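Asker: Residues per chain are reported as follows:
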Amino acid sequence: MTLAPPIDLAPRLTSPDPDVFAVPTGREVEWRFAPLDVFGRFFHPIEGAGSVVAGGESEFVRNVDIADLRSSWLPSDRPMAIARSLVQQAVVIEIPRGQVLVDPVTVKLIGSTAAAYQHVEINVGAFSEAVIVIDHDLDRDICGAIVVNVGDGAKLTMLSVVAGDTLAVHISHWHTTIGRDATFIGCAVTTGGSAVRISPSVSYGAPGGSAELLGVFLADAEQYLEHRIFVEHEQPHCTSRVTYKGALAGPGARTVWVGDVLVRRGATGTDTYEMNRNLLLTEGPRADSVPNLELETGDIVGAGHASATGRFDDEQLFYLQSRGIPEQQARQLVVRGFFAEVLGRLDQGELRDSMMEIISRRLGLPEEVSGNGLRGW
Amino acid sequence: MGSLVLTDLHASVVTDEGETQILKGVSLTIESRTTHAVMGPNGSGKSTLAYVIAGHPKYRVTSGQITLDGVDVLGMSVDARARAGLFLAMQYPVEVPGVSVSNFLRTSVTAIRGEAPKLRTWVKEMKGAMVALQMDPAFAERNVNEGFSGGEKKRHEILQLSLLNPKFAVLDETDSGLDVDALRTVAEGVNAFREQSAAGVLLITHYTRILQYIKPDFVHVFVDGRIVKSGGADLANALESEGYEQFAPASA
Chain A
10 MTLAPPIDLA
20 PRLTSPDPDV
30 FAVPTGREVE
40 WRFAPLDVFG
50 RFFHPIEGAG
60 SVVAGGESEF
70 VRNVDIADLR
80 SSWLPSDRPM
90 AIARSLVQQA
100 VVIEIPRGQV
110 LVDPVTVKLI
120 GSTAAAYQHV
130 EINVGAFSEA
140 VIVIDHDLDR
150 DICGAIVVNV
160 GDGAKLTMLS
170 VVAGDTLAVH
180 ISHWHTTIGR
190 DATFIGCAVT
200 TGGSAVRISP
210 SVSYGAPGGS
220 AELLGVFLAD
230 AEQYLEHRIF
240 VEHEQPHCTS
250 RVTYKGALAG
260 PGARTVWVGD
270 VLVRRGATGT
280 DTYEMNRNLL
290 LTEGPRADSV
300 PNLELETGDI
310 VGAGHASATG
320 RFDDEQLFYL
330 QSRGIPEQQA
340 RQLVVRGFFA
350 EVLGRLDQGE
360 LRDSMMEIIS
370 RRLGLPEEVS
380 GNGLRGW
Chain B
-17 MGSLVLTDLH
-7 ASVVTDEGET
3 QILKGVSLTI
13 ESRTTHAVMG
23 PNGSGKSTLA
33 YVIAGHPKYR
43 VTSGQITLDG
53 VDVLGMSVDA
63 RARAGLFLAM
73 QYPVEVPGVS
83 VSNFLRTSVT
93 AIRGEAPKLR
103 TWVKEMKGAM
113 VALQMDPAFA
123 ERNVNEGFSG
133 GEKKRHEILQ
143 LSLLNPKFAV
153 LDETDSGLDV
163 DALRTVAEGV
173 NAFREQSAAG
183 VLLITHYTRI
193 LQYIKPDFVH
203 VFVDGRIVKS
213 GGADLANALE
223 SEGYEQFAPA
233 SA
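Top line first, the protein sequences correspond to chains A and B. What the first sequence shows, in my numbering, is residues 10 to 386, in sequence order. What the second sequence shows, in my numbering, is residues -17 to 234, in sequence order.
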């Protein structure tokens, strides 16, 4: 575990103007782990870069001209500000007030050029319930945001999948504002790309909100996966739970998990807990795990964090093998089980299974699929 | 008729501090349809014997051999030994978070039998085996050994014994930590297995208590890494009244 610098208690700098943010050099706390040579392509405007659109429009999903987008979100770093200023189209997902959707809304995002900017705006009306699955484009280099507004008393479960056997570069910021007594369950499933940086953040617009941020990630040789979480409690009686698990295999596999939780002075009655566990499957990978918790008030229900990075447990392997299960299959079972503890928190059985399926495929389970690196570890 | 044969087996445990010899020449032949009890004091190396037969990577065999029906076992991987017909009921079964008992059992049975059991007959078979061991069917949905009580862990081991149906089973202190009721249930499970199969059983225990329920054909006294005395079931009674002190190594 890396020692955490304290969270900057000042409000985060936000601006629509890219030049308000200096070009990262790698010395900044928030860029110190990242491979800037790879992400650097998004530090300056990319000429001719197109936009991300939804693969199919539906009752709830529209592609709109950026001029017609109403959004109060402001970028908080240079790549996001560039993407916001250059993106030409936005994907808007709107769940009307009071609607309770039975089936998940699945949105396949597609970039129009080899490098593309993204803006997705999701508005979940008051007292509605929905499950939204965002399938990110990992065939192209993407930079941009997903902005989510969960209305009062609404419940949104959002799965955001960054998976695929490609070498894409991906930077995205997912910001969610949670309304009064609303519930947000966000789950990141990140297995693909060569360098991926995802920044999920949560703020509460009113008291009584609840956020559960889940994440599973698998990094293979020479793959960089970063998740940078920021939960800002500024309203009373809100809860947050952050549970991320990662597995790494192969030389040069690299993951970074940063969990910043800030409890502001007025956020009395806050209940927060964050946890990250990483499993090193082979020699050679590196996992950084940096939980940060800053409290401006002691008048809370609870606050805690846990972080652990460990090696594969050989006793589990022996136990399964002693029951006839071949070594590779036994290893895969253990890793699948490791992730099942996170995905098991999703209520939707079918979605849980399909997310598990992505993990299994990445691990080389079942036998007939996938031919990439994690198979052989 | 098959046999599991241990010949002059020497083995050491490998730790960060180095290697310590534990087994100092164990020779034992177990025929099908026979039950051997190996009894010994704490630290005598009897659990090591169990692990070495199963192939735990922490132990290194320095000399001697193990054969199953004449085939060399020591050259086999842990899983190959299990598929060849060896089973170890562990003293401390390992928790495997996130893997359900039903998934684990089905994967294991598929590996051992060489083909996946038909789903319909499999569920029936698994439930039947659980009922016989007085296990709640809801047990199948729990994660392997996670949060199990001592008794539940041992029942789960015997459940696997009955479903995997090995040629030779090593039961490592299956009686430890069980109350009388749980012990009786577990012993009935072992006895049912003995009646239904032609397997040979190696029962490793510290106490004679379990031998009241599972009658051995042979009893061996295990002290300081080797068998120091062998006899029939009555040898256990002598141990019960006189203890292990009479067999203490001369150096102690």
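By construction, these hints were calculated from the structure, which means they are not laboratory data. The structure presented is a predicted model; accordingly, all values stated were derived computationally and were not measured. Be aware that one or more of the hints could be misleading.
To be verified - Here are some chain A residues pointing at chain B (derived, C-beta under 10 Å): (1) N132; (2) D144; (3) A317; (4) F321; (5) D323; (6) A339; (7) F347; (8) A349; (9) E350.
As the list claims (entries may be wrong) - One-sided and incomplete, this derived list gives chain B residues near chain A with beta-carbon spacing under 8 Å: (10) R65; (11) P75; (12) P79; (13) Q142; (14) G159; (15) S212; (16) A215.
Heads up, the beta-carbon is just placed ideally off N, CA and C, and yes, glycines get one too.
Asker: Confirm or reject each hint.
Answerer: Outcome of the hint check:
Here the hint on N132(A) is broken, as its CB sits about 35 Å from the closest CB of chain B, past 10 Å. Residue-level restraint check for D144(A) is violated (minimum Cβ-Cβ distance to chain B is 25 Å; threshold 10 Å). Checking A317(A) against chain B: minimum C-beta separation of about 13 Å lies over 10 Å; hint violated. The beta carbon of F321(A) is not positioned within 10 Å of any beta carbon in chain B (closest approach about 12 Å), and the interface hint is therefore violated.
The beta carbon of D323(A) comes within 7 Å of a beta carbon in chain B, closer than 10 Å, and the hint placing it at the interface holds. Look at A339(A): its Cβ gets to within about 7 Å of chain B, closer than 10 Å, so that hint holds up. Hint status for F347(A) relative to chain B: holds, with the closest Cβ pair at about 6 Å, below 10 Å. Look at A349(A): its Cβ gets to within about 4 Å of chain B, closer than 10 Å, so that hint holds up.
Given hint, E350(A) at the interface with chain B, holds; its Cβ is 5 Å from that chain's nearest Cβ, closer than 10 Å. About 5 Å separates the beta-carbon of R65(B) from the nearest beta-carbon of chain A, less than 8 Å, and the hint is met. For P75(B), the interface hint holds, the least distance from its beta-carbon to any beta-carbon of chain A being 7 Å, beneath 8 Å. Because the smallest distance between the Cβ of P79(B) and any Cβ of chain A comes to about 5 Å, under 8 Å, the interface hint for this residue holds.
Taken as an interface hint, Q142(B) checks out: its beta carbon lies about 6 Å from the nearest beta carbon of chain A, inside 8 Å. With 8 Å as the threshold, the beta carbon of G159(B) stays out of range of chain A, its nearest partner Cβ sitting at about 18 Å, so the hint is violated. Interface restraint check: S212(B) against chain A, minimum CB-CB distance 27 Å, threshold 8 Å, status violated. Violation of the interface hint for A215(B) is found here, the shortest Cβ-Cβ separation to chain A being roughly 29 Å, above the 8 Å cut-off.
In the structure shown, a violation is registered for the earlier hints numbered 1, 2, 3, 4, 14, 15 and 16, in ascending order.
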